[in-house]
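**Q** Sequences listed follow chains R and A, in order.
Take the position in the first sequence, starting the count at 1, then add 102; the result is the number in my numbering.
Take the position in the second sequence, starting the count at 1, then add 120; the result is the number in my numbering.
Hints may contain errors.
[Stated by the list, open to error] Listed next, the stretches of chain R that the computed footprint assigns to chain A, with coverage defined by at least 3 CB atoms under 8 Å from CB atoms of chain A:
1) 178-192
2) 195-206
[Claimed, not checked] In silico contact screen, one side only, chain R against chain A (beta carbon under 7 Å); selected entries:
3) P175
4) V214
5) A219
6) V220
Simulated from the structure, these hints should not be mistaken for laboratory data.
Every value quoted in this text rests on a predicted model; they were computed, and no experiment measured them.
In this text, a Cβ means the ideal position worked out from N, Cα and C, and glycines have one as well.
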Amino acid sequence: MAESLSARNIVKRYGGVVALSDGNLDVHAREVVALIGANGSGKSTMSKVINGVVVLDGGQLLLDGKPVHFPSPQAAKNAGISTVFQELSLIPQMTVAENIWLTREPLNGFGVVDRKAVKTRTEELLALFEGTYKTTLHPDSPIVSLPPDERQIIEILKAISFDPWLIILDEATASLDNRQVQRLFDLVAKWKEQGKAIVFVSHRMEEIFRIADTYTVLRNGRTVGAGSIKDINEQQLIKLMIEKESVLGFLRGEAKSGEKIEKEVSLEVQNLTSSALRDVSFRVHKGELLGIGGLQGQGQYHLLHSLFGDIPYVGTVKLFHKEVRFKHPREAMRGGFALVPGDRAREGLLYIRSILDNMLLPSWRRYGMPLKVSTARKDAAQTGLSLNLKMAGLDAPVSSLSGGNAQKVVIGKWLMRNPQVLLLDDPTKGVDVGSKAEFYSLLTGLSEQGKTILFYSSDDEELIGLCDRVLVMYDGMIRTELSGTTLTKTNLIAASLGATQPHGEVA
Amino acid sequence: MRSSGWESLTGRQPALFALILLVLSVAINLIVQPNMFARETLNSNMRVFLPIILMAVGQAIVILGGGIDISVGGIASIVNAVLATRVGLDGSPGDMWTYVLVSLLIGLLAGGINGFFISYLRLQPIITTYATSFLYGGFALYVLPNPGGGIPGDIAGLYRSSTPFGLPLAFYVIAIVLLLWWYLRSTRYGNFLYAVGGRAQAAYETAVPVNWVQFSTYVVSGLMAALSGVAITMLSGSGNADIGSPMTLNSITAVVIGGNALSGGMGGVAGPVMGAITLGIIQNIISFADINTWWETFVRATIIVVALAAPGLVNLFRRRLL
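So here's chain R without its partners, still in its complex pose:
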């Protein structure tokens, strides 16, 4: 068994996006390393470099001090490195046993898979979590028939089935209940005694302090801190995760206008529940720019898409005290809602079509039959001008625009309909700094005009700089509402991680 693995100055780019610019990580046998970082800090990329799923663009991996290269998952596996993937790596149609032993099936003569051996060995593994199953889990159960927590357990069992020396647990506890988490941690303790090493990627502070021996913090693709967990506390960890150089001042000046408290309630959401949301309730005022924060995938997508009639839900939504229930985005659109989706290229735009086509897509109906194309052109040009859209012409394809300008087209197509409620799903992602500034003044301008805006952003600074109130989502619920003096970066991140003290100023 190996003794240590080190990642040195790892660089990984996806297209033009740098996911890791200087990633460092040291793992030793008989140790649990917590790999921590905010959204997009490069945690997942780091684990994918170590387990060979992606090939690194720079830097070095050292196994027991000797350089190694993992061009494929197979190569990392041969070196004894195993991963519990966040997006499970199970084949839904196949059985529990087939999934666990895939590529390592015990064979009889003539290359035939020894089904008996597979079954007994699977039963031995299943026994590790004995007593925490909710169904009668059996080696021959197909994965599709299992609830999410049991799928997660199978993924864990699959990862340990070849007795690796290094186990990467990427958000492995997210779908487990308390008993299952406890069982996993008991196992982790046992693995440590056996001389294994564990990389624990998690957002949950409480769990990190329960089982980790050391920590490594990533921020913006760099390792910014590492050490023994005994020498640090929650607040210090959070501080490490926060960006120091800040564009906050630049935001503050023009953004907040303050006196919006006594305005009319425009949108009221009561007990919204769906597959990914639990009992979400809040109110937004006319002319308010309400922030939604939290880590990615905590229900923000579902919240915005439910309001837009895209995802079915249980609960009540009231617009100006009248209940609305949109069953299709078209109804939401006619009800005065607009959604700027998170995945611009796939959901927001017809990429190869022209700017004109994209801008007018929701509004063609208003230009009559036969279409008054020249009026439509004039209106589109007007909107483009008001957004300061830099383009070669209305007939240029959207694919020719930069990220910021493409996003302006998405916003522009909705502004042409003059919506009452704007739902924004991380609109400044992949947008350059200059366009960001324009967005901020656009958003404040729209809220001053009396629009109701729900603004989810993965950039905490934006939320603090632009919003008076921020709802922090965690695990499909609204964990905390931050406003006024409690709206600080530390609190925002602490609440995102589900940490213990979400309130009060922590300096």
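Mind docking chain A on chain R? Use the hints.
**A** Below, chain A without anything else, positioned relative to chain R:
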């Protein structure tokens, strides 16, 4: 989420539906053709079904692996054209065996070309094999521009009337193919096939050689299409470079009737074999019942459309209930 009883039944026994359809169609066929199980009738039926059965087996393996092969008909056409021109009506058995071997190599090569484009260049299976179907069909026409030629009658007779131990030759061929499949299914390769067809990314992360598995399915399919071409040439005894083109849709229909998911990763090969026999019997019924032959195309097309639409319709119905 629990799955319904029907779902888990069809999930675990995907061939069940095929078996029910087969029994039904045999029953109807018995009414219109009471002597269906007489040795001669059985043999004359099975020798007609065999080419589609062989092709459907190859198609089933490609579809299990998450792809589809539209070029199988073209490959069968090449084989027919080669045998009809190179062996000829008065060739020797030696020539025949040589060119059968050449045919199988052609099948492997054609399948290899498909596989290379799809697994290594990552092109879409349906588009790629549609394009190569013209390539292969065109090559068959180049070899044999006008229908004609053929193989010696006594060699064709071997295929048509051999009934070792009183059973049609086709039964033995089917038995061998199924045994080979069951062997393959129980090896690691079998698991890889289902894993790649089920969810290729997960299979890759588990270190399954995804590209290689995809490639291999097209090679197997090319080989089975070539065998199918040999069989149909021996059945007809003559050459026609267009002989394979109507077979492609039949092979896909057989796989669908056989209970395999067109999206891959679900099903087997026994089902598609039964599906191919069912298709043949339907054809039989239509010709015996003295119905216009275009009904046959109509029935076949209806079957495939219904089979494709069924899961979607079930889902739509469920959503309405919610």
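**Q** Evaluate each hint against the coordinates.
**A** Evaluated hints:
{"no.": "1", "hint": "178-192", "result": "holds (count 6)"}
{"no.": "2", "hint": "195-206", "result": "holds (count 5)"}
{"no.": "3", "hint": "P175", "result": "5 Å, holds"}
{"no.": "4", "hint": "V214", "result": "5 Å, holds"}
{"no.": "5", "hint": "A219", "result": "13 Å, violated"}
{"no.": "6", "hint": "V220", "result": "10 Å, violated"}
Hints 5, 6 from the earlier list are contradicted by this structure; the remaining hints agree with it.
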